[in-house]
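Residue numbers (UniProt numbering), protein chains in the order written: chain C, 1 to 331; chain H, 1 to 296; chain W, 1 to 346.
I should point out that these hints are in silico values taken from the structure, not numbers from a laboratory.
You may find that some hints are simply not true.
[Claimed, not checked] Cross-link-like lysine-lysine pairs, in silico, DSSO-like; alpha carbons within 30 Å at most: (1) Lys114(C) to Lys249(W); (2) Lys17(C) to Lys249(W); (3) Lys249(W) to Lys89(C); (4) Lys244(W) to Lys24(C); (5) Lys115(C) to Lys57(W); (6) Lys114(C) to Lys57(W); (7) Lys244(W) to Lys134(C).
Every value quoted in this text rests on a predicted model; they were computed, and no experiment measured them.
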Amino acid sequence: METTPLLEIENLSISFKTKRGYLKAVNDASLVIHEHESVALIGESGCGKTTLSTAIVDILPLGARVTEGEILYKQSDGNTVDLLTLKKKKFRTLLWSQIAMMFQASQSSFNPVKKVRMDFIDAAKAHHPRMTEKEILKKSEKLLTLVMLDAERVLNAYPHELSGGMKQRALLALALLLEPKLVILDEPTTALDLLTQEKVVALLNELKEEFSFSYLFVTHDLSIVSELADRVVTMYAGRIIETAPVASFFQQPKHPYSRGLIDAMPKLALEQGELVSIPGTPPDLIEQTSGCPFAPRCHRKSSLCTEQMPPMTTSQDSQHEYACWHPYLGV
Amino acid sequence: MTQPAVFQTISQSSKWKKTLVQARYAIFHDVSGFIGFVILALICILSVISPWVFPVDSASNAAAILQPPSTEHILGTDHLGRDIFAQIANGGRDLLVMALITATLGIFLGVILGAFSAIIGGKVDSLLLLLADVWLSIPRLPLLVVLSAFITLNSVTFAVLLAILSWAGLYRTIRAEVLSLKERPFIEAAFMQDLSLSHIVFKEIAPNLIGFIAINYTLLMKATIYAQVGLVFLGILPLEQNWGVMINQAWTQGVIYNPDSIVYILAPTLMICLLIVSLVWVGKSLEDVFHPSLRK
Amino acid sequence: MQTTIRFIVNRLLKMLFTIWLVTTIIFFLIRLMPSNPIDRYIETQMVQYGLGAEEAKAQASFLFSMDLDQSLLEQYGAYLLKVIQLDFGNSLLSPGVPVMSIIAERLPWTLFTVGSGLLLSFVIGISAGALLAYRRDRWYEPVVSGVSSFLSSIPDFLIAIFLLILFGVVTWGGGNPILPIDMLRGNYSIGVTPGWNLAFLTDAFVHGLLPILTYAISQVGIWVLLMKGSTISTLSADYVTLAKVRGIKPRRILTAYVGRNALLPISTEFAMRLGFIIGGSLIIEQLFVYQGIGLELLKATSGQDYPLMQGIFLIMTIAIVVSSFLAEIFYAVLDPRIKATKGAIT
């Protein structure tokens, strides 16, 4: 796949100020999203994946701060800017028109006291002040129909009158309103039942074909990763520990943690394999050791692991990148 | 190797130990709570010891009217030449005792009605709720004033009356609390196990209400002191020995407009402030202990 | 639309029920309590002035404007009918003056001071609370919150005493206190003609200044704390974050997303506070000798002017009930969710 990078995160570190000291939620993370590419960011809860994705759109919670690194974004006009140092006003023009985001659960993403149409109108007016309400509503209706909703009804409804699945799809339509280049999805399916999940996943795939934008989606549900992602990025304890194309990620994970995640995934009908969970719990992010954060839970660890953090290494077929002293190589 | 049990229910752990730990936490976990407890304790101690240590000399002394603070009278004297400090030292006792009576009665009434209403549910519940809503929109202080024209009030009848009048607010909060407790898994489990109603109420629900009751206790005491001092100031409650009476005296005697005897009016006013603020802070501190989710 | 109507009707019924209940309580107190004022009045007339039973009864009937020859139920009916017409009979202390005209004269002053104080505290408290929520990490946040919590717990009449001393008693080194407090009794100075002229308006304002300040200071802390809490929880709501991510301007987010949603739960508190302040106005007006409805109620009580007393008490209750009704309607109009969930119950 010969494509240009759309978003490059380089050596990003984010710290939370807590009572016990600074908590490094994201630690020296680097990540690339190419144009028309769908990247999945996976890991256990608390590994920093949501923090990382919220940093891109500058909605870090109070007390969190980017301590180093840059987030380079290639604008539609071809210029590349660092989102972290960009002026607020300039940054606002990029939001939603080029980078859109959908939250975890997304059940309360619409203003509860206004009709859904206002959320569409507000979003469009913020970027195209001269667009008339009629034009905005026409476009919204088209998109809502595309996500299989009764456009008329949804636009004139209050959020509490819509079901969870409807809100999710309406939000997708809202995300596509300004034809963004990158859509960030935080746990897009967790709050939905299995059937609706299936529908949303199918829809996401269709929309990607139709509008050709990039996805970054954050999830701990590996089953939707296999259906949606082109590339998988694994995070553990604030660090990115493996990056791989989706097929070889599932077939030959290099990092013991990635392998652990895949083994912990329930498989249907394939084999009678036992469901294996990873022993232990993620480490305390405040008192960090110099070694690999996964070492205490890893069955392949050596004394080297507890002493030194392994560097990012590229595999021989140059498909995988991993940070491990003792990766699973070969078969 | 024996693993300690991961989950320990309230009844399993030692109740006394838990209470002690909670009390220590309530007192020491934040500054305002600590100050509140200290002020309240000081006022209580002062109220208990002052009849012996700082007795009130009620005889008037025409030679020493409205004196400024001196070594003999550290807060000066009032319009009848009586020592103000002795009055201050003794002025909190009645307020505290009345507040305790009202709060105890009021809580008792609120818990019974609230728990009853929440557990029974149905029409009785909605009727009580409607009545409480209506009751809450009747202004309390004017009602007391109007009632005073029909009933001769003394401190004790007043305390009882106030407790009865306060039923609605407490009823509502306690009902809501019991309702939410009813939804909690361990109570649902108790119902499913077909445990007797009395077991559920006294062994499962009541222990979980204690924190809630403690918080409302301080709030009700605060409200009682407000009403009591207010009515004493208006001259509706009989004049006894408390800070409200001192304010009333200072006001009716016109002393309040005398720039030289500011201490006379300021001292009881500050004491009431301290008492009420300490109650509020203690209540807040208790709230942190029993509802940690509300913190921050 | 149907839910809206049902909601309004529901609240209207509740309001009428409250007023009816209070009226009935008053009737009970005046007519049915052992040693109620009417029986007592008849007794005194008979014992002290040697009137016959019939004569005394007729006088009592006239005075309390109740036909005591009717059955109790008929009396109750007639009483309710009069109350509906806002006819509370004549004052006993100033014979011949209808209670309603006394109320009409006094009530505006209380509404003026209580209303301005409440409004002032609301505007200041809401802005400060919202600001604090945005500036949670600044050094002054705990300071302002602490002061607010302190102010909100002190009884309003103690604040009034402090203000009285600060402005009207202490001379601050100069010859006179800041305000000539003994000139400020009453609602306006003698010699100023009431009307829409500047002299009267300023004079009325200066006379009302300390009561207004008292109400404002005693309420402002509550608004700050409530608004801060409400705004903080709104700020962390998904729809606000998503509004930011959509690149909507901060000012638009503040008004259409944060402000409105944060204000909603507070608007019902407004009516509850009003009831509380009106109660407190008894003491405040007594302290500043301000001729409002509260002071009038105290006078009526100490002078055993029962018709005036019940009239004022009922008007106070109606004022509170009506304003809480309006607040709920306001809330329901602003929040589409409330009608659906609260329309049916109670």
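So, going through the hints one by one against the coordinates:
Pair hint Lys114(C) plus Lys249(W) holds up; C-alpha atoms about 17 Å apart against a cutoff of 30 Å. The hinted pair formed by Lys17(C) and Lys249(W) meets the criterion: a straight-line CA distance of about 28 Å does not exceed 30 Å. As the CA atoms of Lys249(W) and Lys89(C) are separated by approximately 9 Å, the hinted pair is consistent with the 30 Å bound. Taking the CA atoms of Lys244(W) and Lys24(C), the gap is near 25 Å; set against the 30 Å cutoff, the hint holds.
Between Lys115(C) and Lys57(W) the CA atoms are separated by roughly 65 Å; this puts the pair beyond 30 Å, and the hint is violated. Distance hint between Lys114(C) and Lys57(W) is unfulfilled; the C-alpha atoms sit about 63 Å from each other, more than 30 Å. As the CA atoms of Lys244(W) and Lys134(C) are separated by approximately 24 Å, the hinted pair is consistent with the 30 Å bound.
Checked against the numbered hints given earlier, the structure breaks hints 5, 6 and satisfies all the rest.
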